[in-house]
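Student: Take a look at the letters that make up each chain.
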Amino acid sequence: MIMDLTVGLNHYLILAAILFAIGVMGVLTRRNILIIFMSVEMMLNSANMTLIAFSHYLENAGGMIFTFFTLTVAAAEVGVGLAIVVTIFRNTESLDVRKLNLLKN
Amino acid sequence: MDAQTIVFAILALISLFSGIMVVTRKNPVHSILFLVLMFFCFAGFYVMLGATFLAAIQVLVYAGAIMVLFLFVVMMLNLRDPEALEGGTSFFQTLGFVVAIGFGIVLLAFLAGKPGPGVPTFPPGEAAYALGDAKSLGQELFHNYVFPFEIAGILLLAAVIGAVALAKRERV
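Listed in order, the protein sequences are those of chains A and B.
Each residue of the first sequence is one higher than the last, beginning at -14 in the numbering used here.
Each residue of the second sequence is one higher than the last, beginning at 1161 in the numbering used here.
By construction, these hints were calculated from the structure, which means they are not laboratory data.
Treat the hints with care, as some may be off.
Taking lysine-lysine and the BS3-like style, the derived pairs with C-alpha atoms no more than 30 Å apart in a straight line are [as the list claims (entries may be wrong)]:
1) B:1186 to A:84
2) B:1186 to B:1328
3) B:1328 to A:84
4) A:89 to B:1274
5) B:1328 to A:89
If you're wondering where the values come from, they're calculated on a predicted model, not measured in any experiment.
Take the sequences, apply the hints, and build the full model.
Tutor: See the structure below:
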């Protein structure tokens, strides 16, 4: 099925899974809080692609509606998240996540 | 091999390349530009899946608004030396790399298995392509999902107020 030459549901799912894993890698290995945030956006998008692929192949609009709401939540999340990034930069003069250890002591 | 498969392969290669670039570039501006490229590829996938309205939204909201917001923040913060942020590799970064690779392998192994009952293995009919255009999606949204739609509006309002309140605060 994977080797089948016409593109199908499985191809979209595999691509979304790989991109999600790349996003996980970005979150776990980077120190710049902006790039971590972008990796989270990448993971959100690959989940969206999974939803739309299922929606298309099951001929059911539910996944597309869900993606619509995910997009709304993502927009809200980016707005608040970037405001938090700006506040963090104001307080620590840096975007390094290693400096965010106020609660550690 | 039909045209759709070729387009899928090209878009998949570009999006995988730009995804890897996003998490490996040291300068956040380069990451942002590669992410924009990736979001355009995603819009292409959405068109191929018949979700034309969501493809337009993807370009407008993600590649347009959200990434411009990211660029504005990078510009506003005026990082003098973004490369210096990433020092040597620590133990936890190596661990995170291994965990992410393992996570990807687990996901792919799950997908490589036999599909369960109810998973479609055949290509959808012509009707599936009309499912995601603005008309049918809007009808679905305003007939069956009016209440979630209103809640999404309230969420956006709360996010706007929260963002302004956070960014406006003085140094604490």
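Student: Give a verdict on every hint.
Tutor: Hints versus structure:
With a C-alpha separation of about 18 Å, the suggested pairing of residue 1186 of chain B with residue 84 of chain A holds against the 30 Å cut-off. For the given pair, residue 1186 of chain B sits about 29 Å from residue 1328 of chain B by alpha-carbon distance, which is consistent with the 30 Å threshold. Distance check on the hinted pair: residue 1328 of chain B and residue 84 of chain A sit about 22 Å apart at the alpha-carbon level, within 30 Å; holds. The hinted pair formed by residue 89 of chain A and residue 1274 of chain B fails the criterion: a straight-line CA distance of about 46 Å is larger than 30 Å.
This hinted pair checks out: residue 1328 of chain B and residue 89 of chain A have alpha carbons roughly 27 Å apart, not beyond 30 Å.
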